[in-house]
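Asks: Please model the complete structure; the sequences and the hints are all you need to start from.
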Amino acid sequence: MHLQSIIIAVLAFLACVSAQACVGRPRNPSCSGPRDLGIRGRRCTPRTMWYYDPRDRQCKEMRYRGCRGNNNRHCTKAACERQCRR
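Quick note on numbering: the sequence shown equals residues -19 to -1, 1 to 67 in mature numbering (1 follows the signal peptide of the UniProt record, and there is no 0).
Do not take every clue at face value.
Unchecked claim - 25 Å max Cα-Cα, derived SDA-like pairs, lysine to any residue:
1) Lys58 - Thr26
2) Lys41 - Asn51
3) Lys58 - Pro35
4) Lys58 - Arg28
In case anyone wonders, no lab produced these hints; they're calculated from the structure.
For clarity, every value in this text was computed on a predicted model and none was experimentally measured.
Replies: Following this line, the structure appears as structure tokens:
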């Protein structure tokens, strides 16, 4: 039973750490504003992100270019839906 508690605690910790490691996540993700792919640059890392489309009321995938852009940008579809589809 004690080993099971330790394993659960370690898994919870790893989930939190991986959630914080999302490159490209804005400080205050938003559900408004258009899709904004950002800009390319030498130190910009392109990656798949999600934005909320208020017209369709859905979170949609986009290829974020890695720098700038607006706050309508989420690391996962689940994170986007959790914040925007209330």
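Asks: State for each hint whether it applies.
Replies: So, going through the hints one by one against the coordinates:
no. : hint          : result
1   : Lys58 - Thr26 : holds, 19 Å
2   : Lys41 - Asn51 : holds, 15 Å
3   : Lys58 - Pro35 : holds, 15 Å
4   : Lys58 - Arg28 : holds, 13 Å
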